[in-house]
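Visitor: Listed below are the residues making up each chain.
Protein chains: 2
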Amino acid sequence: MPTNVVRILPLGGVGEIGKNCMVIETDEDAILVDAGLKFPEEEMLGVDLVIPDVSYLQQKLHLLRGIFITHGHEDHIGALPYILPELDVPVYATRLAHGLISVKLREHRLLDEVTLRPMAPGDVVQAGSFTVEPFAVTHSIPDCVGLAIGTPIGTIVHSGDFKFDATPVYGPPIDREALAALGRRGVLCLLSDCVRVDKAGYTPSERIVGEAFDAIVGKRRGRVIIATFASNISRIQQAIDVAQRHGRKVAVVGRSMASNSGVAAELGFLQTNGTVIAVDKVRKLPPEEVLLLTTGSQGEPSSALSRIASNDHRQIRLVPGDTVIVSATPIPGNEETVGHTIDNLLRLGAEVIYEPLATVHVSGHASREELKLLIELLQPRYCVPIHGEYRHMVLYRQVAGEAGVPPENVPLIEVGDVLELGEDYARLAEHIPVSSVLVDGVTVGVTSDVVLRDRQHLSRDGIVIAVVTLDRMTGELLAGPEVITRGLPHPPYSEDVIEAAREQVREVLRRGPAAEVEHGFLAQKIRETLGEFVYAQLRSHPMILPVITEV
Amino acid sequence: MPTNVVRILPLGGVGEIGKNCMVIETDEDAILVDAGLKFPEEEMLGVDLVIPDVSYLQQKLHLLRGIFITHGHEDHIGALPYILPELDVPVYATRLAHGLISVKLREHRLLDEVTLRPMAPGDVVQAGSFTVEPFAVTHSIPDCVGLAIGTPIGTIVHSGDFKFDATPVYGPPIDREALAALGRRGVLCLLSDCVRVDKAGYTPSERIVGEAFDAIVGKRRGRVIIATFASNISRIQQAIDVAQRHGRKVAVVGRSMASNSGVAAELGFLQTNGTVIAVDKVRKLPPEEVLLLTTGSQGEPSSALSRIASNDHRQIRLVPGDTVIVSATPIPGNEETVGHTIDNLLRLGAEVIYEPLATVHVSGHASREELKLLIELLQPRYCVPIHGEYRHMVLYRQVAGEAGVPPENVPLIEVGDVLELGEDYARLAEHIPVSSVLVDGVTVGVTSDVVLRDRQHLSRDGIVIAVVTLDRMTGELLAGPEVITRGLPHPPYSEDVIEAAREQVREVLRRGPAAEVEHGFLAQKIRETLGEFVYAQLRSHPMILPVITEV
Chain A
2 MPTNVVRILP LGGVGEIGKN CMVIETDEDA ILVDAGLKFP EEEMLGVDLV IPDVSYLQQK
62 LHLLRGIFIT HGHEDHIGAL PYILPELDVP VYATRLAHGL ISVKLREHRL LDEVTLRPMA
122 PGDVVQAGSF TVEPFAVTHS IPDCVGLAIG TPIGTIVHSG DFKFDATPVY GPPIDREALA
182 ALGRRGVLCL LSDCVRVDKA GYTPSERIVG EAFDAIVGKR RGRVIIATFA SNISRIQQAI
242 DVAQRHGRKV AVVGRSMASN SGVAAELGFL QTNGTVIAVD KVRKLPPEEV LLLTTGSQGE
302 PSSALSRIAS NDHRQIRLVP GDTVIVSATP IPGNEETVGH TIDNLLRLGA EVIYEPLATV
362 HVSGHASREE LKLLIELLQP RYCVPIHGEY RHMVLYRQVA GEAGVPPENV PLIEVGDVLE
422 LGEDYARLAE HIPVSSVLVD GVTVGVTSDV VLRDRQHLSR DGIVIAVVTL DRMTGELLAG
482 PEVITRGLPH PPYSEDVIEA AREQVREVLR RGPAAEVEHG FLAQKIRETL GEFVYAQLRS
542 HPMILPVITE V
Chain B
2 MPTNVVRILP LGGVGEIGKN CMVIETDEDA ILVDAGLKFP EEEMLGVDLV IPDVSYLQQK
62 LHLLRGIFIT HGHEDHIGAL PYILPELDVP VYATRLAHGL ISVKLREHRL LDEVTLRPMA
122 PGDVVQAGSF TVEPFAVTHS IPDCVGLAIG TPIGTIVHSG DFKFDATPVY GPPIDREALA
182 ALGRRGVLCL LSDCVRVDKA GYTPSERIVG EAFDAIVGKR RGRVIIATFA SNISRIQQAI
242 DVAQRHGRKV AVVGRSMASN SGVAAELGFL QTNGTVIAVD KVRKLPPEEV LLLTTGSQGE
302 PSSALSRIAS NDHRQIRLVP GDTVIVSATP IPGNEETVGH TIDNLLRLGA EVIYEPLATV
362 HVSGHASREE LKLLIELLQP RYCVPIHGEY RHMVLYRQVA GEAGVPPENV PLIEVGDVLE
422 LGEDYARLAE HIPVSSVLVD GVTVGVTSDV VLRDRQHLSR DGIVIAVVTL DRMTGELLAG
482 PEVITRGLPH PPYSEDVIEA AREQVREVLR RGPAAEVEHG FLAQKIRETL GEFVYAQLRS
542 HPMILPVITE V
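Top line first, the protein sequences correspond to chains A and B. If you use this note's numbering, the first sequence closes out at 552, no skipped numbers anywhere. If you use this note's numbering, the second sequence closes out at 552, no skipped numbers anywhere.
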């Protein structure tokens with residue numbers, strides 16, 4: 002690799018939403034921007050989390066100068082507890098992100114082993130030959146930054162997650178003048194959030210959600226329950242402000258939200274002014290003085306809101322007169338469970354307010370005009386869309402074109418693609434095999450495709466197990482065949498089918514003397530014969546597992 | 002049951018979208034309106050279809066006068082092949098629905114065994130003491146009707162699926178004057194479509210999709226591929242019209258769309274004017290003369306569009322310059338797969354146009370103002386929302402209130418609820434246990450909760466099978482224990498774990514002489530011990546299946 006070259010390699014977060022993780026490197030230094038997780042897709046059965054595969058960095062540990070975190074959302078920090086044991090480097094983060102990361106590391110008993118370094122807008126962090134300058138951006142959590150990264154060949158700007166919120170709930174709006182100044186100094190490449198590029202115009206301010214809360218809470222006499230993401234500190238702040246304005250106390254229900262808001266309050270990012278009290282205290286108040294904040298806006302089965310909706314929560318029981326505000330939009334794939342949660346809340350007699358009935362949620366990401374505005378302020382030579390699905394990236398290229406960046410200067414890269422940037426060129430240099438790491442219970446990263454395929458097979462068609470016990474010397478059938486099934490379509494004649502299946506196995510054994518044939522061959526014959534038999538009976542292709550033992 | 006009472010009992014289609022099926026009965030006569038299917042929810046692993054449970058009608062076969070079909074969509078006719086063998090009664094349907102039902106029955110080799118009776122707007126069908134008068138409504142397929150059902154206690158109007166389309170693609174707009182006349186004669190109860198009640202205003206005309214097609218196709222020089230539902234005959238008509246206007250020939254790719262459009266053309270509901278040709282002929286034409294129509298707008302894995310997107314279609318291979326129009330919105334739960342299909346089409350270099358980028362889809366259902374309009378025209382005493390999720394029904398009650406129907410006159414019923422209607426009252430009379438029937442391969446209706454729970458367990462955590470072979474007399478271990486796993490998280494030390502697991506089983510056998518204990522007890526001990534062991538190793542709770550054989 003020539004020395005006047007910078008390589009950009011996404012390990013996550015391009016061509017897919019979430020799991021943000023980006024390597025920026027020269028031949029002498031490397032940094033990582035963000036280390037997020039994402040939740041598994043529908044077909045990843047039994048998988049709990051998906052995190053980036055950082056094995057590429059293991060050969061480069063001596064070059065890695067640090068991990069830079071843009072903000073404290075799960076899809077930017079959630080992988081840290083899993084990858085930090087492998088990558089022993091300092092983590093740079095703003096104060097709030099810092100606090101939220103600490104909570105996570107403490108849960109994983111890693112807090113003492115990790116070097117956390119503070120970083121704030123205006124700082125200049127030297128990371129080998131890179132200088133990293135965080136600048137404040139607005140999003141749906143306070144204390145977010147983008148990064149201006151000085152490299153040997155020019156400045157690379159990483160936008161982080163952002164929108165141009167003129168009236169943010171915490172802190173000042175984005176300093177456009179400072180961005181324009183950065184642009185005048187020269188930006189080689191902008192890595193830009195693109196996930197909301199399919200929305201025209203500007204994303205509304207986070208404030209409008211507070212106004213909607215105010216209008217709703219002001220008119221209600223019963224309890225109000227607001228469900229949102231545990232990490233949405235700005236939303237939580239607005240709920241607290243509204244409660245206070247209308248003489249209500251707030252209790253936080255749900256462990257993750259309680260610990261996040263605790264950290265945010267401790268660090269001064271959440272002003273509670275004595276409004277937040279314990280759940281058991283709030284239960285003694287009259288309904289018109291109660292506002293509950295809870296997780297579960299995505300219909301997650303184990304969340305507080307799902308339990309409340311199923312009348313299965315230890316502390317909260319819904320009654321008619323209660324109002325539930327679902328302050329989120331479903332992440333693609335969650336629409337069905339969110340819908341069921343709302344239906345169940347309604348069945349319990351609560352009033353439920355959700356989009357599109359009222360503006361109780363707003364995105365934290367820039368719409369099309371804001372994406373163009375960022376380009377116009379920074380005047381980058383190259384633009385690379387990040388934090389979006391492939392279709393968002395394609396559309397971003399078109400939008401960047403409207404802002405004056407020609408399509409050939411908007412390279413689209415996916416996970417594992419290495420973008421090589423020179424002073425006057427950008428090219429796809431190579432593709433490194435990078436997979437996703439699936440976290441399954443306590444087991445990190447070893448749930449293979451084979452396992453997922455097996456689980457899909459089992460989940461679709463069930464399993465048939467055939468056990469035969471043979472005489473080691475003669476091959477004679479000593480016991481069985483036992484045929485056991487799980488998860489098969491259940492016809493009323495199932496006892497007969499099982500007996501007929503056993504006869505099929507006996508027939509296989511009769512055809513050739515088992516002692517003379519290899520067990521592998523015999524197993525294969527049983528698998529084939531039983532497979533055909535079950536398909537003829539049930540039009541189903543279960544997994545067939547012959548077990549042959551010898552005595 | 003008193004004689005001046007009508008009972009309304011949904012077997013599907015209220016409190017859930019799809020699977021529409023409604024019993025309307027007196028103590029002397031019963032009719033069924035629609036017999037639809039729905040596609041399984043995410044947690045119904047391995048299930049292909051969900052159909053209504055009509056077992057309630059089996060004791061009433063002598064009272065059942067007919068099945069009345071409002072239109073030819075899957076969620077209204079799809080269950081017929083499964084329930085008609087049990088319910089041998091005439092099926093009344095309009096001509097197009099008739100044709101589409103015939104295709105289905107022919108596939109199931111049932112066509113000769115079923116009595117199909119034609120029905121058209123203006124007809125009066127006598128069904129015992131009921132008179133059924135279909136009236137034309139507009140929706141996203143031609144030849145749709147609502148039903149005015151004369152009963153001993155008054156008129157019940159079933160809206161079917163409808164919107165007030167002033168410029169439908171086929172046939173006239175809804176005759177508002179006739180509905181108003183019906184209203185003046187007196188309507189006791191309106192059963193109303195409510196699925197789009199969360200949208201304010203009016204749903205746009207189906208025509209606007211044709212205009213969008215026209216604008217897109219007119220500007221393209223490459224092939225255009227339009228993906229939509231196989232049964233969306235109006236959409237198919239508009240695609241054909243646009244193709245013709247721009248000098249393109251149309252080929253239909255996908256078996257279900259080809260057979261549906263064939264039937265529609267044969268019956269005069271689709272005007273092809275020589276524009277539609279075979280797929281192998283269209284391949285010889287230059288790209289600017291080609292328009293392909295295909296299924297797969299929901300990202301269904303085996304559909305033509307998914308295959309094209311995976312570069313796996315026998316006849317169609319995408320090239321840059323091709324344009325794909327996804328003319329549908331994802332049904333809740335399908336967002337993720339639809340998104341992946343679009344991403345893959347883009348990766349192959351095609352241009353892809355989908356909502357919200359252009360108005361290439363419009364709903365066939367009434368928005369809020371249209372729902373109110375129907376109430377205002379018919380002036381029903383009672384309104385019952387149907388064809389919606391529970392949240393839509395709750396909202397419909399509020400909207401009906403705005404149209405002057407008090408909330409106590411808008412009873413919400415769910416599947417199995419029996420609404421008893423008298424001349425001057427409506428009350429929830431009882432709840433009949435009605436489940437959904439799951440169709441799983443060739444097996445109808447016997448996939449039980451146990452099977453689904455097993456599949457969920459297997460899909461999440463996999464299975465561990467432990468086989469031990471014992472001496473029948475002494476209880477001594479003769480062979481094994483064999484421990485086999487499938488679908489478990491796969492740690493690198495898995496061989497050791499298996500050996501340790503075998504040792505656990507041996508230990509169970511050593512503790513008590515097996516001959517003296519019941520096999521059930523032994524199996525339980527093995528299950529417990531292995532369960533604890535696997536959890537300690539992997540933090541996973543697989544299904545544990547001990548198999549004990551004796552020799």
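Everything labelled a hint here was simulated from the structure, so no lab data went into it. All figures in this text were calculated on a predicted structure; none of them were measured in a lab. Wrong hints could be hidden among the right ones.
Identical copies carry no separate label here, and so any pair may be met within one copy or between two of them.
Said to hold, decoys possible - Lysine to aspartate or glutamate pairs mimicking EDC-like chemistry, simulated, CA-CA at most 20 angstroms apart:
1) K61 - D28
2) K250 - E212
3) K200 - D344
4) K282 - E421
5) K200 - E356
6) K200 - E352
7) K373 - E409
8) K200 - E500
Visitor: Run every hint past the structure and note whether it holds.
Guide: A quick look at each hint next to the structure:
no.	hint	in the structure
1	K61 - D28	within (10 angstroms within a copy, 81 angstroms between copies)
2	K250 - E212	within (18 angstroms within a copy, 54 angstroms between copies)
3	K200 - D344	between (29 angstroms within a copy, 17 angstroms between copies)
4	K282 - E421	neither (59 angstroms within a copy, 45 angstroms between copies)
5	K200 - E356	both (16 angstroms within a copy, 11 angstroms between copies)
6	K200 - E352	between (30 angstroms within a copy, 18 angstroms between copies)
7	K373 - E409	within (17 angstroms within a copy, 53 angstroms between copies)
8	K200 - E500	neither (61 angstroms within a copy, 56 angstroms between copies)
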